Structure formats: C-alpha cells, structure tokens
Amino acid sequence: MVKFSKELEAQLIPEWKDAFVNYWQLKKHIKKIKLARISKLSKQLNHDFGRSIFDPVRCFLSKKFFTNSGNNNIATTEVIQVNTKSMDSDEEEQVYQTDLLHLFSEEDEVKAFFERLNDELNKVNQFYKTKEGEFVEKGEILRKQLQILVDLKQILKERRRKLNPEILPRSWPSSGRHSDFSESPAESIDRASTETSETDDIIAALEKNGVNFINSASTRTKTKNGKPKMAMRIDIPSTTPTRTITAVTSMLWEDLVNNPKKLQGPGDYINRKKIQCAEKMIRGAFVELYRGLGLLKTYSSLNMVAFTKILKKFDKVANRQESASYLKVVKRSHFISSDKVVRLMDEVESIFTKNFANNDRKRAMKFLRPQQQKDSHMVTFFVGLFTGCFVSLFGVYAILAHLAGVFSPSTGKTYMETVYPVFSVFALLSLHLFMYGCNLFMWKSTRINYNFIFEFQTSTALKYRDAFLICTTFMTSVVGAMVVHLLLRANGFSPSHVDAIPGILLLIFLVLLVCPFNVLYRPTRYCFLRIIRNIVCSPFYRVLLVDFFMADQLTSQIPLLRHLESTTCYFLAGSFKTGSYKTCNSTRLYRELAYVISFTPYYWRAMQCARRWFDESDLNHLVNMGKYVSAMVAAGSRITYSRQSDNLWFAIVLVTSVFATIYQLYWDFVKDWGILNTKSKNPWLRDDLVLKNKGIYYMSIALNVVLRVVWVETIMGFHFNVVESRLLDFFMASLEVIRRGHWNFYRLENEHLNNVGKYRAVKAVPLPFRETDSDG
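Start counting the sequence shown at 1; every next residue gets the next number (UniProt numbering).
Take these hints with a grain of salt, some might be off.
To be verified - As a list, the in silico BS3-like pairs of lysine-lysine whose alpha-carbon atoms are at most 25 Å apart: (1) K444 with K758; (2) K679 with K17; (3) K32 with K316; (4) K328 with K316; (5) K354 with K157; (6) K123 with K111; (7) K27 with K17; (8) K309 with K328; (9) K681 with K671; (10) K354 with K153; (11) K354 with K366; (12) K123 with K328; (13) K17 with K681; (14) K316 with K40; (15) K6 with K694.
Unchecked claim - Now the in silico label distances, taken between C-beta atoms and shown as ranges: (16) L488 with Y666: 49 to 55 Å; (17) S445 with A764: 23 to 29 Å; (18) K694 with G405: 47 to 53 Å.
To be clear, the hints were calculated from the coordinates, so they are not data collected in a lab.
Since this is a predicted model, take the numbers as computed values, not measurements.
All residues carry an ideal CB built from backbone N, CA and C; glycine is no exception.
Generate the whole structure from the sequences, applying the supplied hints.
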C-alpha cells in the first residue's frame, strides 16, 4: 500500500505546492511527540524500578493515567478546543486558534504541533478564498463576454437579413412571423422598424460594455435599391502603441484584400471571421476556467484528506481519540464548506454545452475534460525493438564502411563530400530528438509541468516514450539506408543511381512531415511546422515561450542547416549523377550562403527579442538581443578566419568569441537558469531547487562552461584530412546538441519555479472585448 505522503506528492498541483498542507513537516512534529512521550515514560519507569512487587500494577496504572489523564470529567470535556477570531473586523477573514486543556496543556511538543496545524489550516483557507474569488470574478467577466458575443451574432444575422431580405438564415427564429412574400407592405415596414429598434437597443447595450461602433444606427447608409446598409465597425482599443499598430495593420490588410477600392476609417468589421475568432477565444477562456476550478476542487479534497490523516496519526501517538473536535472545525472551514466552486463548475458546463457544443454534453466534456493518452506497452516494445535494430545495423555499417575504405583519406573523400552531409543531418536530428526525450523524462520525473509551460494539449502532447520511438525509428531507417547504399556500391551499381538514395530518404521524411493524414503524430508534426513558421516570420508574430525555446534549439543546429544547404545544392545541381562534388563548393554564392545560414538562427532569435521588447517594453529583451548579435559577429569572424588565416583575423576571432562566450554564459546562468545568486541559502545557486543533490548543479555549471568554449578548436590551427575534418565537425556539432539538451532541463526548471512562485497553474487567455467604465 502506497503511503499517503507519496500519494500526496504525486497528486498535488506542482504550481500550488507551497499552498498545500505541509504534511511532511507535521509528520516531524508527530515524531517529536512520540519521542518525547517514550522518553517521559522510560524516565518514570526507571525512577520507580525496584521499589516493590507492585511495579507491574504501578506501570499499568501509569499507562492508564497517561491515557485517561486522570480526569473524571474527561467524557464530558473535550481535550482540544478550537476557537476562531476575526481579523480587521471582517467576518469572513477568520484565523483558527487551538486551546489545549488538561494533559496537553503541559506538553510543549503538542503545543507546537497544534500551532503549526493552525497555521496550515489558515494558509489553506486563505489561499482557497483568494483563488475562489479570482475564478468567480473570471466567471463574471466571461459571462459578459459571452453575452456580447451572442449580441454580435444577432447583429450579424440582422445585417445579413437586411442585405438579403429574400433569404432568411436557417438559424434565424421564424416562429410567429410570416415570410416576406406573404406579409403586407405595412406589416413589412412595421416589422423592419421593430427589428431596427431591437438592433439599436443591442448596439446601445454593447457600447456600454466597451464595444464602440462606427457608422452605427444613426449613420446607416443606403444602397442603390433603397435598402439600408449596415456598415458597423468595432472600435479597436488602442491602449498601447503596439496594439494600435497591430490593429491598424490588421484593418488595412483586411480592407485591401476584401475591399481595395474603398478604404474607410479605423476599426474592425463585424464579419463572420472576426466573430469566429472571438468565439474561439471565449471558448478557450471557459476551458481554462473550468480547468482551474477542477484544480481548486482537487486542492480542497487533497488538503482535507491530509488533515484527516495527520490527525489520525496524532490520535495514534497520543493514545487518545480527542482530535475529532478539530476535524469538525476543518470540515466547517471555508475550503470545505464553500460550494461556490462546484456551482460555478456546473454553470460552466451548462453554458459551454449550450453555446459551444450545440447542447451535446458529451462533446462539451471532451473540451472541458480532455482525456490523456494512456501509455502503451507497444510503444515501449517498439522502442526496444528499434534500438536493437539500430545497434545491429550500425555494427554492420561499420564493418562494411571499413571494407569499402569509406574512412580512408584516399578513397573516402568523395563519400564524405556527397553522402556524409545528408546522413549527418539525420544523425544530428536524431540526437536532438533523443536529448528531447531525455528532457521529457526528467521533466516528468521531477514534476515540471512542461505541457502547461509550452501550452501543449495534454491529449496530444508528445511523451518521452514517443520521442524515443521517433528517434529510434528514425535512426534505424537511416542506418538501414546507409547499409543498403554501401552494399549497392560494392556490387557495382551505377553511382548515379546509388548516390540518389540519401536524397530519396530526405524526400520521404519531408513528405511524412507534411502528411495531412491523421497518422504518425500529426498534431506534433503540425505544431512543429507552425512553430517553425512563427520563427521564420518572427517579427510579425507574437512570441510565445515555445517559439523562442525552439529558436534556441535552432541556434545549436547551425551545422545541420549548413549540411542541408550543401545537400540541396548537390541534388538540385544534379551533382549526384556526375559524381562531381565541387560544383557547389566552387561557386561564390555557395560560399556566401555559409554566412547567411550561420547568421539566420541568431537573427530569428534577435528578432524575437525585439518583438518581445516591443510588446512588453522590457529592456531585458533588448539586452538578450545583444547576446545574439554578438554571437552573429563571432560566427561570421570564425568563418572568415577559416578562409583567410592571418594575425588580424585571429585577433578579431579571439576577441569576438571570448566576448560572446562570456555574454552567453552570464545569460545562461543568471537569466535562463536563475542561479549564481550570492545571497541564496544554497551557495551560488538559488533558494528553490528541483533536484535534491546540489552537486549536480555545480557539475552542470562546469559542463556548460566547457561545452561553450569548444569553438577554441576552430582557431587552434590543427591540420586534418577531409575524412578526419568531417568526423571532427560532426563530433563538435554533437557536443553542441548535447549541451543544448542539458541546457533545456534547467531552463524549464527555472520557468517552472517562476510559475510556482506566482501560483500560476492556469493559462491566461486574452479576451476579445475590452471592459470600460460606464462613464467613459
């Protein structure tokens, strides 16, 4: 049977860990009580030892007295009494205090236990009240947002009906009314005026809720046939320069695409697309609200069980059954007695079912309570199977490569220039996937909520077993293709056909990446493509954590990008048919692309920092952008030095690389990992640590420093042949991938601890409609 302490640690909300009952500390108090009582009893027995033959009777009576406290009125008087007092004349703000009577009043350990228990109860109640108030307030805001959305839908239907009076929308209520063809002209005019009045009332109500209209009821225009034309717009709030620019840019783009001949004033058309976007935002906000309410409900139940368990332990140690009175107070406390959360959850279920699921409760609950995928033993089986296949095939490849002289300086030059770049792309990508799988495993083991941090859907998010399965499948396929390639070359097949195998393999994987069918982890593949799109267009998209996290991964995969460039040139130029690998290397454009590719990941990351500064007005983002600019300068100087080796460029490389490395190390440790705090209780680390062994952090610091300075090899002037140079480049690139995987864990650990410090367990979803004061 699993101990409750382990069960509590496994089930508690990580971001709210500090707000839970400190069950482990209370257990220490129970242990102190137990040790104190054993010591007291042993002293009493030693003092009375040898006095008379009635020692067993005296011992029994002492235990009897110890148990019953020698009080004749014990049946009618409670040993534990709990009082409450109001704070700041607020009736709802209660603080629990315990009065200990009789025997307990003389025991310091029991006093300390109940003082700590009172503090824990007050802490739980206060946190529950705070979160409950936040969720209730969010619920009120969402109800208003939903009402605005419903009214806007009604206005849109009214506008469409007026523009096309002969077409009555299917969803428009028609009960109690005749169609336009059967009613008289007078009835048609009366109905139109009534509906216009209703629309005006809705618009007036919406304007009070912060939705401002341009060209509304008082400024309607008419078309050529005399029918009214609803030209309503929502006034976009422009509280910050960024929002203003974004709003106006969006408006101009939409006007130029939809109505290029007529560009009206600033605003946002009420159209179906905008309403669907608003509906999606409100729906997501309701889902997050429901999730937060579920977490708060779990928080309440777990703490109740914790109080019950710890009081049972106290009764067992004290040999009494007097803690029931305290437990009654716990059950009457706010975090147990309040039913606001349950009622609000029922209300959210009802609203969501009605407005977002067409009254289909089963469909609504799929959104509100998404089911997590269960771990399959088949995935574990295939991970082991493909791992064994990879090891076996790699051994076969090593033997075949040795026999074919692939690694020989004289015969392996062509192979290294043509086939190596393609296969090294797969190898580096597989290594990165393996490191990501290790990251997922460690994050799960240490209860770092990476799905919440990355804003992944728990139902489709990649698990560490899935990452290992993709990695092993990937490498088994690649090594298998390498073995086939060598076998075909050894059997005398035409090189123009054999050397096309790496390109075909690359094409297959690209097709699988964009495959539209719901197979082979489609949500993960499409999420990856969407993130890459955001990175490539980084100045024009709002930057999320997962976006700049992936961009950081790309800065560690510059060798992979350069291999992709050479591979693309090799196959597009048809060099695999002629066997000439110098076609691309001899062009000036190819040499200049080396600079572009080396700069591009750092440029994307710098643009993300610029966008975040523009959105958040935080100067730290500009300082972070300087780090990537210094990395661009250092990378460019090293490329130039590799082609023009002289003392001047050696000095430039040394200065720029040292400066960039120090810059990067400072940002790694202080900003990304949150360590090197001189005032921390853990020397040179931080106060809160996820890993219990502090030595791991010091070893990680040293490892990160060593792997950050591997660029020194590029300026040492060692002379290698083509084969050795290629293998050394692959080894150095692999070290950088390993460093990045190692960096990932501590980066997300720091982000998780920031969420814990701010009790952030629910995503903040932006809402489409702003709230303004009624006077404004």
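* Looking at the structure, which of the earlier hints fail to hold? -> The structure breaks none of the hints.
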